[in-house]
Structures are given as structure tokens and as C-alpha cells.
Amino acid sequence: MKQLILLVKPTSILLALVIITVYIFIFLVSPFIRNESSYVAASLDKEKKLEETASPRIIFVGGSNLALGLDCQVLNKKTQLNIVNMGLHAGLGLDFMLNEAIDGIKAGDTVILSIEYFLEEGNKKLIAQLAIVNPTAISKMNLSLLDRFRILMSQLQLCVSSAFYILIDKFDDPIYNRQGFNEYGDLKTHFNQKKPNVPSGNILFVNTNYNNGVKKINNFIEKAKAKKAKVYFTYPAFQRSTYNLNKIKLKNLAGQYNNELNCTILGNLETFVLDDKYFFDTVYHLDSIGIHKRTEIMLQLMEKSNIINKP
Amino acid sequence: MLFNSLQFAIFFVCISCIYYLLPYRYRWILLLLGSCYFYMAFVPIYILILGFTIIIDYFAGLLIEKASGKQRKWFLISSLFANISVLCIFKYYNFLNDNLSSVLNQFNYDTPFPALKILLPIGLSFHTFQAMSYTIEIYRGKQPAEKKFGIYALYVMFYPQLVAGPIERPQNVLHQFYEKHTFKAENISEGLKLIAWGLFKKVVIADRFAVVVDKVYNDPRHFEGWPLIFSTLLFSFQIYCDFSGYSDIALGTARVIGFRLMKNFNSPYFSTSISEFWKRWHISLSTWFRDYLYIPLGGNRVASERRYFNLFITFLISGLWHGANWTYVIWGSLNGIYIIGENSTKNFFNKLYLSTNFFSKNRKAIGLISTFTLTCFAWIFFRAKTIQDAFYIVEHLFSNLQSSFSQLKPSNLGTTQYDYIIGFLALIILLCIEGLNSRISVNMWLKRQNLMLRVSIYYVLVMFILLFGSFDLQEQFIYFQF
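Sequences listed follow chains A and B, in order. The first sequence: position 9 = 8 (numbering that gives the first Met the number 0), numbered continuously. The second sequence: position 318 = 317 (numbering that gives the first Met the number 0), numbered continuously.
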């Protein structure tokens with residue numbers, strides 16, 4: 000007992016100091032250092048666009064393979080339909096992506112899903128960043144207690160790093176920022192930028208059990224259908240060298256999609272596999288020429304499936 | 000269940016609390032069950048392999064003790080053979096098979112042996128070596144055989160050091176399982192300090208540097224010059240902070256429940272010679288190889304040529320212990336060459352240092368810089384994924400130094416300005432404290448301070464971990480793969 004008492008005083012003081020500091024950072028400091036022009040803050044604009052855009056409309060749902068992968072202005076011009084590009088960041092997780100979209104889907108909508116391969120859980124740091132600018136976002140994710148704790152820690156750390164960047168007066172990323180999105184939800188700020196080193200054929204998918212992911216996508220499809228919306232699925236743009244490295248795993252996934260997804264699939268696994276030279280900085284992000292190519296192919300697929308009328 | 004995960008934190012708190020609440024005679028059962036749970040959190044079925052080696056060595060120990068003459072030797076050899084076979088099958092089979100295939104392909108033949116698709120059981124190299132030291136020490140008459148199977152199993156499986164050491168000796172650990180560890184504030188305090196310091200090294204420094212190292216070393220052909228030099232330097236600190244951080248957490252975890260494990264690192268980058276480096280780096284492994292390989296080969300008691308050969312073989316095998324890849328063999332051999340070179344040129348350098356004022360005044364600094372440089376160079380082979388990558392890095396280390404400087408921009412190396420600053424700040428703190436520790440014991444100094452100063456220092460450490468720790472990445476400890 001004596002030994003326990005020896006520990007109580009220093010431990011209590013330490014715990015109290017830590018809790019007070021965490022509270023100060025998360026609840027008192029963070030509102031002042033919220034970065035309203037961060038990339039993930041664009042989710043607020045996309046959600047608003049989804050709410051306000053009039054029908055008939057086509058809604059693209061997925062990660063940044065859509066943000067840096069389609070020219071919705073061209074799609075809008077050629078289809079004469081309103082286009083909403085909800086693509087933002089795969090790192091926000093499949094749950095957020097789907098739940099964010101389902102909230103805004105209306106009767107008569109056409110939804111085209113384009114999900115990054117084997118996507119399920121999000122990146123806690125990114126989710127924390129989103130939570131600071133878009134507090135309702137957390138409710139759109141299925142988070143365990145452990146996940147919430149990790150996000151809390153990430154928020155704490157973001158407070159410090161944001162304060163640092165404010166202090167050094169650092170401007171936002173020239174490419175990945177909220178202002179970089181156009182009215183359709185496309186990101187084109189990278190068009191005139193020098194390409195960084197694109198990872199080429201060295202990313203290997205490890206966890207390839209996607210049963211849970213397929214279940215979640217089917218769940219979304221059922222909810223969308225219940226709202227009298229039509230749902231289609233398509234593949235993301237993907238770098239050829241990385242595709243060749245993961246061919247077997249991706250073919251198995253495509254097989255699973257074919258057998259289990261409760262919606263029409265536009266194209267096939269290799270429809271949007273493009274040469275490495277069309278990619279900007281990741282295996283999913285296209286440069287201007289790549290975006291043009293993908294948009295053209297997407298139009299053809301949409302015509303073939305009678306999503307849009309042929310000219 | 001990584002040491003830097005919330006699951007482990009919960010596990011550790013539960014085990015520690017229940018440990019002190021249980022009557023002491025049941026504590027070993029708690030620790031054994033806890034260790035089984037801890038090990039099975041990785042790949043459950045591999046506990047069967049661990050169980051197999053435990054059973055073999057337990058009975059081997061008893062038989063060695065009872066037997067006499069040549070029989071003792073045969074029982075020891077059987078035990079060592081069983082352990083080494085398990086290690087070879089799971090760790091080296093595919094490596095040996097691939098190399099055999101490469102050789103046979105030259106003669107248009109192929110290997111008759113199939114490739115095995117098996118995962119390396121976590122911590123295999125560590126607990127195998129710990130088990131081997133047990134039977135060897137019994138054979139040498141330095142350790143009585145453990146009669147209780149449960150206690151022996153716990154010696155091998157003790158969760159703080161099960162997956163990445165330190166590789167303990169039976170004389171140090173076995174008796175501790177019979178001791179009545181009463182609840183002592185000092186054990187809790189010292190244990191938690193070690194855990195916090197280990198976490199600081201791992202999540203603030205090692206995981207932060209890993210981002211840059213991985214960016215460069217996973218695809219080195221995109222880089223030349225400064226990024227290669229910079230990432231190699233970062234790797235030298237990454238691997239130190241990762242592994243010593245793990246060891247600190249292991250020692251701290253054990254200390255909380257009253258166990259004292261051996262220190263595994265002693266500020267190795269403050270060494271002024273390669274020999275000193277290997278007395279300070281991964282001490283449990285280097286002493287294992289010294290006692291069970293180098294000395295039985297003849298050690299220092301033979302002629303210099305034989306002694307150099309013994310050193311080279313010891314380091315070569317030590318390299319191979321780290322992994323089934325020629326890069327590790329080259330790393331080990333390189334360190335062997337360093338040691339041999341140092342030994343054979345000792346007299347020359349002693350004369351050189353005495354010859355001029357400059358050298359004699361700056362002997363320590365010269366020794367420190369040269370030792371660090373040589374170990375960094377060897378780390379290239381340790382970290383590179385293939386020999387081709389390693390040689391590319393070596394060839395391009397000093398290419399285009401002027402133009403490649405701009406490639407050190409954080410965004411080019413997959414990181415941020417903020418992470419650069421935090422990483423280097425933390426590294427400076429680490430080096431200052433380790434430097435100070437070599438002159439005065441920082442821990443003893445801390446104990447003499449008043450409560451508020453001590454709590455303030457702990458507070459700064461905890462906040463550093465919470466504010467700057469990379470928990471999100473969940474980077475596995477490097478030495479887990481061994």
C-alpha cells in the first residue's frame with residue numbers, strides 16, 4: 000500500500016497535466032487553426048453540390064481516382080446532364096465515401112461507383128483532418144472506440160502541425176487544396192505542374208480479401224435503389240506497370256465483382272489500365288492527357304449502357 | 000500486437016495488475032498464458048512450432064543433465080539440430096533452394112525441391128537462440144536443467160522479449176520466475192520510464208525517418224547523390240531507434256512486474272572503434288555469437304590468421320541470422336572485414352595517433368566519425384532490398400552532388416518540412432541525452448531531483464510522444480522480421 004501511495008501523487012499530477020493539455024489543444028486551440036482551404040475541406044463543397052444540383056444528374060462516387068481522373072465539364076457538355084464528381088480521397092475510407100453519397104442521392108439519379116482497389120479502412124490522420132473542418136463527417140464512418148481514440152490523437156497532432164504551418168506562413172499545397180476543384184468537383188491544378196517521380200510497378204497489394212468491401216458496396220447499391228436511383232460500377236484508372244505486378248489479385252477481384260456485385264459493371268478490369276506515362280503522381284491519378292482519354296472511354300461506356308443517349 | 004499499439008497497452012496494464020493481485024505461486028501461469036496470447040495475436044498456428052521446440056529442449060535439458068560422457072554430447076547435438084532445422088526450414092529453405100536453382104540453371108537443370116509458401120514465424124531467430132543457449136549452458140555445467148515444464152516454457156516464451164529479444168541467458172532469467180516480486184514503486188517507475196523512452200525513440204524518431212528511408216530505398220534508381228547519403232544516414236538512426244526502442248519497451252515491460260532483462264544497447268553510435276561498436280550494439284546477440292561460436296572456434300587463443308578467420312565466420316553467420324538474403328551476408332562479412340582490419344592495423348593507428356598533436360588530441364572524435372561512417376556504409380547492404388540495389392546505391396552515393404542537393408526537399412522524399420524539424424529535434428534530444436549518459440547517469444540524476452522537476456520532464460516526454468508520435472502508420476519494428 001505504501002508503495003502504491005508513492006506512485007499516486009506523481010502519476011496524478013502527470014495525468015492531470017496531460018489531460019488538460021490535450022483538452023486545450025483539441026477543444027480550445029483547434030477552432031483557431033482549422034484549415035478551411037485544405038484538400039479534404041473540399042468535401043463540404045462536394046456535399047453542398049450534391050444537395051443543390053438539380054436532376055437529372057450523374058453522380059460519380061469514389062476516391063481521388065475520380066478527382067484526378069475525369070473531366071466532368073466535358074461529360075456535362077456531351078451528355079447535357081448535370082454531373083457531380085464526389086471523388087476526393089480514398090484515404091477517407093469506403094464507409095465515408097458511400098455514406099456521404101447515399102445521404103444526398105435522390106430519385107432519378109444515376110450513380111457511377113469507381114472505387115480504388117481493396118479499399119476499406121481510411122487513414123486516421125486524414126480522417127482527423129476531415130473531422131476538424133467537417134465535424135459531421137465522423138458520423139458517416141463506422142468507427143470503433145479504438146479508431147475514435149486514434150483519430151483523437153491525430154487531431155491533437157494536427158493542431159500542433161497546423162500551428163507550425165500558420166507560424167511559418169506556409170501556403171497550401173499548390174495542387175491539393177480546396178480551391179483547386181472546379182464547379183463539377185474535378186481537380187485540374189496539376190495540369191501545368193512538373194510531374195514528380197511516379198511510383199512505377201513497385202506497389203504490391205497485400206490484403207486481398209475484399210468480402211467485406213463488396214458487402215458494403217452492395218449495401219450501398221440496395222440503399223440507392225431503394226431511393227429509386229440507378230447504380231453502375233466501373234474500374235478506376237490504373238497504371239499499367241503496377242497492374243502487371245498485381246494482375247492475378249486484380250483478376251480475382253474482378254471475378255468477385257462480376258459474381259457478387261448487384262449492379263451493372265461498365266467496362267472491365269483492363270478498360271482503364273493505361274500506360275504509365277498518362278499518370279501524374281500515383282498509380283490512380285491521371286495527367287491532363289490521361290484524363291481526356293479516360294473521359295472519352297467513359298462516354299462510350301455510358302452510351303453503350305444507355306445511361307446517356309447517343310448523339 | 001505491436002508494442003506501440005493500444006491493444007498492447009491494454010494487454011500490458013491488465014497483465015501487470017493481475018500479476019500483483021495474484022498469489023505469487025500462480026503468477027507464472029498468468030505470464031505463460033499471457034505470453035501464449037501475445038504470441039498467438041500474430042499468427043496463432045505458429046505456437047505449435049514454438050511448442051515443438053520447447054518440448055524438445057525441455058527434455059533435452061533433462062537428458063543432458065542426467066547423461067554422462069558422449070551421450071551428453073549427442074543429446075545436445077540433437078537439441079541444437081532440432082532448433083537449427085526449424086530455423087532453416089522456415090527461414091532459409093527458400094533462400095537455399097533459390098540459390099541451388101540458380102546454380103543448377105547454369106547447367107540446364109532445375110532444383111528438385113519445391114518452393115515452400117510459408118510465413119516466417121515471428122521472433123523465430125530470437126527464441127531459437129535463447130533456447131539453444133539453455134541446452135548449451137546445461138551441457139557446460141553452468142546451468143541446472145529446469146524441472147518444471149511450465150517454467151521452462153515461460154523462459155522461452157516470456158512475452159516482453161519473445162519476438163525481438165533481448166536474447167537472454169538462463170542464468171539471468173530462470174531464477175527470476177521463482178522470485179517473489181512484491182509491488183515496488185521503483186519497479187513501476189523505472190519500467191514506465193523505459194517504456195516511454197522506448198516509445199519516444201520508436202514513434203517520434205524511427206517511424207518518422209522510415210518514411211524517407213522507404214521512399215529512397217524502395218526505389219533507389221530514382222535517386223542519386225544527396226538523397227542516397229541522407230537516407231542512409233537516416234536509416235542508421237532509424238534502425239537504432241527502432242530496435243533499441245523496442246528493447247527499452249521490452250525491458251520496461253518486464254521491469255514493471257519486477258523482472259530485470261539484460262541491456263541490449265549502450266549508445267553504440269558513441270563508439271570510437273568497430274570493436275567497441277559491437278560491444279554496444281545488440282549486445283545479447285553479439286555476446287551469444289561470442290560465447291557459442293567465436294570462442295568454441297578458438298576465439299583469441301589461436302594464431303592471428305585463425306583468429307581473423309574465426310571473426311569473419313562469426314560475423315558472416317551473424318549477417319545470415321538477420322535474414323535469408325545475400326545483402327545480409329554482405330553486411331555481416333563487411334563488419335567482419337572491419338573488425339579484422341581494425342585488429343590488424345591496431346599498432347599502426349596507435350603510432351599514428353601518437354605521432355602528431357592533432358591526431359592525439361582528436362583521437363576520440365576521429366574514432367567516432369570513422370566508426371559511424373563505416374557502420375553507415377554497411378547499413379546500405381542491410382537495408383537495400385537486393386544486392387543490385389545496394390551496389391547501385393554505393394555506385395551513385397557521390398554522383399551529381401551539386402545538382403542532387405535540391406532533391407533533399409521534403410516533398411521529394413515523401414515527407415514534410417514539419418516532419419524534418421520534429422525528427423531532427425528529437426534526434427538532437429536523443430543524442431544529447433545519450434551523450435550526457437556516458438558522463439553521468441541521467442536516470443540517477445533524475446531520481447535526485449524534486450518531484451515537480453521530475454514530473455515536468457516526464458510530462459515533456461509524454462507530450463512529445465502524444466504530439467509527435469507516428470501512431471497512424473503502425474510501422475512494424477524492423478527486427479520483427481528476424
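Quick caveat, the hints were computed from the structure, so don't treat them as lab data. Be aware that a few hints might be false.
Unchecked claim - Below, a list of computed lysine to aspartate or glutamate pairs in the EDC-like style, where the Cα atoms sit at most 20 Å apart:
#	chain 1	residue 1	chain 2	residue 2
1	A	Lys1	B	Asp97
2	A	Lys194	B	Glu185
3	B	Lys214	B	Glu341
4	A	Lys105	A	Asp172
5	A	Lys8	B	Glu189
6	B	Lys408	A	Asp172
7	B	Lys147	B	Asp218
8	A	Lys194	A	Asp168
9	B	Lys214	B	Asp97
10	B	Lys363	B	Asp388
11	A	Lys169	B	Glu433
12	B	Lys214	A	Glu46
13	B	Lys384	B	Asp97
14	A	Lys276	B	Asp218
15	A	Lys187	A	Asp44
16	B	Lys214	A	Asp280
17	A	Lys194	A	Asp275
18	B	Lys146	B	Asp218
19	A	Lys1	B	Glu185
20	B	Lys146	B	Glu189
21	A	Lys250	A	Glu221
22	A	Lys187	A	Glu295
23	A	Lys8	B	Glu185
24	A	Lys194	A	Asp274
25	B	Lys408	A	Asp168
26	B	Lys262	B	Glu433
27	A	Lys214	A	Glu119
28	B	Lys345	B	Glu275
29	A	Lys227	A	Glu50
30	B	Lys408	A	Asp280
What the hints assert, rightly or not - Per the computed footprint, the stretches of chain B lying under chain A, defined by three or more beta-carbons under 8 Å from a beta-carbon of chain A, are:
#	stretch
31	176–189
32	318–326
33	454–461
Unchecked claim - Negatives, chain B to chain A, calculated, CB over 10 Å:
#	residue
34	Leu5
35	Ala66
36	Ile339
37	Gly366
38	Tyr417
39	Ile420
Predicted model only: the values in this text are computed from it and were never measured. Here a beta-carbon is modelled for each residue, glycine too, at the ideal position from N, C-alpha and C.
For each hint, the structure was consulted:
Only pairs whose Cα atoms come within 20 Å are accepted, and lysine 1 (chain A) paired with aspartate 97 (chain B) is rejected, the gap being roughly 62 Å. For the hint pairing lysine 194 (chain A) with glutamate 185 (chain B), the CA-to-CA distance comes to about 57 Å; that exceeds 20 Å, so the pair is violated. As the CA atoms of lysine 214 (chain B) and glutamate 341 (chain B) are separated by approximately 34 Å, the hinted pair breaks the 20 Å bound. Simply put, lysine 105 (chain A) and aspartate 172 (chain A) have alpha-carbon atoms about 34 Å apart, too far for the 20 Å limit, and the pair is violated.
A hinted pair counts as satisfied when its Cα atoms are at most 20 Å apart, and lysine 8 (chain A) with glutamate 189 (chain B) qualifies at roughly 16 Å. Only pairs whose Cα atoms come within 20 Å are accepted, and lysine 408 (chain B) paired with aspartate 172 (chain A) is accepted, the gap being roughly 14 Å. Note on lysine 147 (chain B) and aspartate 218 (chain B): the hinted pairing is violated, with a Cα-Cα distance of about 51 Å set against a maximum of 20 Å. Simply put, lysine 194 (chain A) and aspartate 168 (chain A) have alpha-carbon atoms about 25 Å apart, too far for the 20 Å limit, and the pair is violated.
Proposed proximity of lysine 214 (chain B) and aspartate 97 (chain B) is contradicted: the alpha carbons are some 28 Å apart, above 20 Å. In summary, the hint linking lysine 363 (chain B) to aspartate 388 (chain B) is not supported, as the alpha carbons are separated by about 34 Å, beyond the 20 Å threshold. Distance restraint check for lysine 169 (chain A) and glutamate 433 (chain B): the Cα-Cα separation of roughly 34 Å exceeds the 20 Å cut-off, and the hinted pair is therefore not satisfied. Distance check on the hinted pair: lysine 214 (chain B) and glutamate 46 (chain A) sit about 35 Å apart at the alpha-carbon level, beyond 20 Å; violated.
Restraint check: the Cα-Cα separation between lysine 384 (chain B) and aspartate 97 (chain B) comes to about 16 Å, which is no more than 20 Å; the hinted pair holds. Proposed proximity of lysine 276 (chain A) and aspartate 218 (chain B) is supported: the alpha carbons are some 18 Å apart, at most 20 Å. Distance restraint check for lysine 187 (chain A) and aspartate 44 (chain A): the Cα-Cα separation of roughly 16 Å lies within the 20 Å cut-off, and the hinted pair is therefore satisfied. For the hint pairing lysine 214 (chain B) with aspartate 280 (chain A), the CA-to-CA distance comes to about 14 Å; that is within 20 Å, so the pair holds.
Among the hinted pairs, lysine 194 (chain A) with aspartate 275 (chain A) is consistent with the structure: their alpha-carbon atoms are about 12 Å apart, no more than 20 Å. Note on lysine 146 (chain B) and aspartate 218 (chain B): the hinted pairing is violated, with a Cα-Cα distance of about 52 Å set against a maximum of 20 Å. With a C-alpha separation of about 12 Å, the suggested pair lysine 1 (chain A) and glutamate 185 (chain B) falls inside the 20 Å cut-off, and the hint holds. Between the alpha carbons of lysine 146 (chain B) and glutamate 189 (chain B) the distance comes to roughly 32 Å, so the proposed pair goes past 20 Å and is violated.
Restraint check for lysine 250 (chain A) and glutamate 221 (chain A): not satisfied, since their Cα atoms lie roughly 25 Å apart, outside the 20 Å limit. Taking the CA atoms of lysine 187 (chain A) and glutamate 295 (chain A), the gap is about 17 Å. The hint holds against a cut of 20 Å. This hinted pair checks out: lysine 8 (chain A) and glutamate 185 (chain B) have alpha carbons roughly 14 Å apart, not beyond 20 Å. For a cut-off of 20 Å, the pair hint linking lysine 194 (chain A) to aspartate 274 (chain A) stands: about 15 Å separates their Cα positions.
Taking the CA atoms of lysine 408 (chain B) and aspartate 168 (chain A), the gap is near 18 Å; set against the 20 Å cutoff, the hint holds. Taken as a hint, the lysine 262 (chain B) and glutamate 433 (chain B) pair is honoured in the structure, with Cα atoms around 14 Å apart against an allowance of 20 Å. Taken as a hint, the lysine 214 (chain A) and glutamate 119 (chain A) pair is honoured in the structure, with Cα atoms around 11 Å apart against an allowance of 20 Å. Between lysine 345 (chain B) and glutamate 275 (chain B) the alpha-carbon distance is near 13 Å, which keeps this suggested pair within the 20 Å criterion.
About 16 Å separates the Cα atoms of lysine 227 (chain A) and glutamate 50 (chain A), which keeps this hinted pair within 20 Å; it holds. Our distance criterion of 20 Å between C-alpha atoms is met by lysine 408 (chain B) and aspartate 280 (chain A), whose separation comes to about 16 Å. With 6 residues carrying a beta carbon less than 8 Å from a beta carbon of chain A, the stretch 176–189 of chain B meets the three-residue requirement, and the given coverage holds. Coverage of a stretch by a chain is defined here by at least three residues with a beta carbon nearer than 8 Å to that chain's beta carbons; for the stretch 318–326 of chain B and chain A the count is 0, and the condition is violated.
As drawn, the stretch 454–461 of chain B meets chain A at 4 residues by the rule of a beta-carbon pair under 8 Å; at three or more, the given contact holds. Its closest Cβ contact with chain A, about 6 Å, brings leucine 5 (chain B) to no more than 10 Å, contrary to its assignment away from the interface. In this structure alanine 66 (chain B) is separated from chain A by more than 10 Å, as the shortest Cβ-Cβ distance comes to about 46 Å. No beta-carbon of chain A is positioned within 10 Å of the beta-carbon of isoleucine 339 (chain B); the least distance is around 37 Å.
Residue placement check: glycine 366 (chain B) keeps its beta carbon more than 10 Å from all beta carbons of chain A (closest about 38 Å). Tyrosine 417 (chain B), annotated as away from the interface, has a beta carbon of chain A within 10 Å; the closest lies near 5 Å. Non-interface status of isoleucine 420 (chain B) relative to chain A is broken: a Cβ of that chain comes within 10 Å, the nearest being about 8 Å off.
Violated hints for the displayed structure, listed by number in ascending order: 1, 2, 3, 4, 7, 8, 9, 10, 11, 12, 18, 20, 21, 32, 34, 38 and 39.
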